[in-house]
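> Dock chain B against the given chain A, drawing on the hints supplied.
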Amino acid sequence: MADENITGKKQESKNTKRLMTHKNYAFKKRLPVRPIDGNNVIFVTKKTNFKAQLDKCCDLLTRGEKEIILHGLGAAIQRCCNLALQLEILFSGTCQIEVNTGTVDLVDDLEPLVDDLDFGSQVRHSSSIHIRIFRTAMLGSNQ
Amino acid sequence: MDNPQFDATLGGEEHLPFSVNSFKFTASRSIEIAAMSESILRPSKTKLIFQTLPVHMRRRVMSHNCKRLPRRLREGHLEQLKKSGLPPKQKRPSRKYRRRPANLLNEYNRRQKRNIWLETHIWHAKRFHMVERWGYRLADRPCDKAFRACYRASSAHCLLQDVSYYTPIQITGPIELIGEIFDCITNKSCGLSVTAKAYTGGNRRGNIDIYNPNAYPFGYVGKIQFLWITKENCNKELWLFIHPSQIKQIELLLSNLINPYSENLPTEHIKKKRKLTNKFSDIKINILSKAFNMFRLTGPKSQAILNSTIKCIKTLNQANDSWLAQIRNTSSLYLEEKIDYWENAKLSNSPALLPPNVVIGLIIKDPRLSRPSYRTKAQNNSPEDVNVVKLINSPSYLSHSPIWDTRLHEHIKKKLMTNGQFIELITKTQLVPGEINEDDPALQYVPVVLIQRPGSQNPNSKKLGYGSGWDIIVPAGYGIPFWQTLVMFGGRAGGLRETESMAFEMGENFLPPDSEAGSLEEKRIEQQLRERYFRRPPSKRVNYQKLGINSPFICPWRILLSDWSGNNVNDLYVMRDRKLLELLQDCLTKKAVPNIDNADACLVPVCLHMENKGNLKQHALICLPQSDDLQTIKTLYEPLHEDKNEKLRKQKRKQHLQLLKQMKRKRRKIKKSGCQIKNVKKIINREPSEYVKSMRELWLPSNITTVRNTCLRPVLGYVCKGDFSFTEAKSVGVGYIALNGLIELIKTGLNKVLIRNTSSRKYRIAKIVLIKTE
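Chains as they are written, first to last, in UniProt numbering: chain A, 1 to 143; chain B, 1 to 774.
Relax, there's no trap hidden among the hints.
What follows is a set of in silico ranges between Cβ atoms, one per label pair, in the way DEER data are often shown: (1) A/Ala52 - B/Asn458: 20 to 26 Å; (2) A/Gly64 - B/Glu582: 49 to 55 Å; (3) A/Gly64 - B/Gln379: 22 to 28 Å; (4) B/Pro433 - A/Glu65: 44 to 50 Å.
Negatives, chain B to chain A, calculated, CB over 10 Å: (5) His15; (6) Ser94; (7) Asn106; (8) Arg407; (9) Gln421; (10) Gly490; (11) Arg524; (12) Asn740.
Rough simulated footprint, nothing fancy, chain B against chain A, three-plus residues with beta-carbon under 8 Å: (13) 30 to 44; (14) 107 to 113; (15) 117 to 125.
Derived from the structure by calculation, the hints contain no laboratory data. Note that CB positions come from ideal geometry on N, CA and C, so glycine has one too.
If we strip away everything but chain A, and leave its shape as in the complex, we get (with noise of 0.2 Å):
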């Protein structure tokens, strides 16, 4: 996924920072593509309590959950290794950590601010990070 966009990534970054820093556009942006949702899939934000999200995931896992996937994009990636690592701490031994990485591309809409403009919009790249927590064995489940 991500050696598909290098080729684009040139060209857009002149073009981002050329629109980008127009005074006559309003930066407006959208949101970006989810991967498949699930129970044991989990979106890392900035905003989402760190504990909160830790509890779900040991939760997830001491019930008896096969593996679970976490997400990050941009600047939560440090909170989802962060989340991953604590993980693989308290349940060591009992499971692995699978790290895949990849680009995502956004979508930035430009919203003009004068009447002689039209609606404009760019892509840009952020790096995304998606760990597999799986089970190798089931100590301390109820299953």
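Positioned in the frame of chain A, the structure of chain B alone reads:
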């Protein structure tokens, strides 16, 4: 004698015939069959009929009420009852039943005379509390108390609302002239104008603030939505969608601008208008109420629900179809290109991924054909990922739709299959009754228009994409088929309460106080709260005088502004100039106050976030803090005020009781003397008596002259709507403060204010953020 009855081949005497006469055979057994079926229908005494039913068909008190039995068994059951001696007593039908109109449709039509009903009215009336608002009878809130469920639907699932009360207005004419008209009634500082290049292409729907002609910043009317339509011959039309609270004002305003002679205008204006008459006479305005249905879907799952509801057509194989046959140039429909775009858009898991306010016109199959037989939740779990780059821009052909052609409306209506006809079709004519064929040619295709709403686009202020969704515009008559399909795919229906709460969650005010609609709404709420207050016994009423609050049910904006400016303010306005608002927001941290015209009459919209504890309520006071208040907030209470009217009230009550006693004595005397009182008609008076009125006046004095310095800290403004906000996970309020007050606040160098609820003496701290309307 006892010969064994054997077959002849085995040495017996019985001879079997070589052939069987089937008639004879059945005839000889028909008696047996009849006896058997008879015994099933009227069984022997051991079992009663209703006892023979399988368990899942049994109902409570079946033996008493024969209506609970299946109809085919009722006759036998009644006979059994007769036999057993109990006379079958028929209950008198209920009063409600007996008074039911013989012709329900007539009755419905009669009831619609006072208030307009939406097409989904009966569906809603069965499930919602209905209220009369703006000349319509609208659904207010669902009966199942689903307040939080509706919020959850709007943030994680899909909330459905019927907003067909928005009235479309078609404006035709040269684009420059339309622009000129709108230049008088709008202002550029509030955002893009109607004729902005971004909108004239017709790909996006826009919002604009409307003011009375040349009155900006005063005379606010309301926010309207507009859309440019390109017709076949490249003419442009403007369509406005107007909230019913403003429709009369806008109708009058536009017609006055176009034909100024029809109204008696002040003489000074006439000279100016005479010139304009010739210019604007080319413009035609057409109000098309009830031409469309508009449904509002909010939440990420609205995409999945639309995907399952909408089945686009690929080719026009309905040659005899009446409304499609009317279109001369079928290539202008761009069927394939649109399907291409829509198929890609379908893969997205939230409408917030699409271009904001994009307009998509589609032609689809009848929604009844795609409806599931049980209520299911539409999911969007396609393995493919959406191609974001393809969605970045919206091609120009996307917004074309035959729905805007008013000539076609009649044809669509004529060919419309009612629900009854549809059910007859699928139960009587289909090979397997009840089975639905998705490509049924008997049902005509339907043109629809989808309009995206972007929701929150700024992750700093609100969760990204909250409040995003779709508006669907559907031709008249198709309200119920679409609505039911959307509900069957798992949408949760909401009403007006949800519209209000969503505006609140987004940090906006639903109806601003400087518009006519807003002040009417304020008065309505005041009336409601007042009545509720005086329905309580005196000992259970909050004594607002002791709390130092002189208008607990309505915000006295004019008095507030007069207090802050020092002179009398009759006309007020809310600041909507985006640049000024941004500047003021910066001032809250940078402390440099700009110079603003008409500052005396200006209110500034603010959003308040509670810092610590406390729940904001409606009409709470926003007060100016002193420099050391933030440290001593824990002990900051409003001192108890003296209630000057308490003694008066007690006196008055005593007198009144005495008077009543006297009257009673008099009546008794007259009765004793034997005088017959002639039939004096008892006058049922809805108006409260003089005594009650004067007592109410003593509870809540209505002549307020000042509000600024009535309590411990000077009052800056009021909270219009305050509540616990689910998106912020804390108490949040939306309110207005006087601009002069805000400047005073900026001078103190704080961006925090004190808040006090009307029913409490405690001051609390809230952070203040100016609302920049999008």
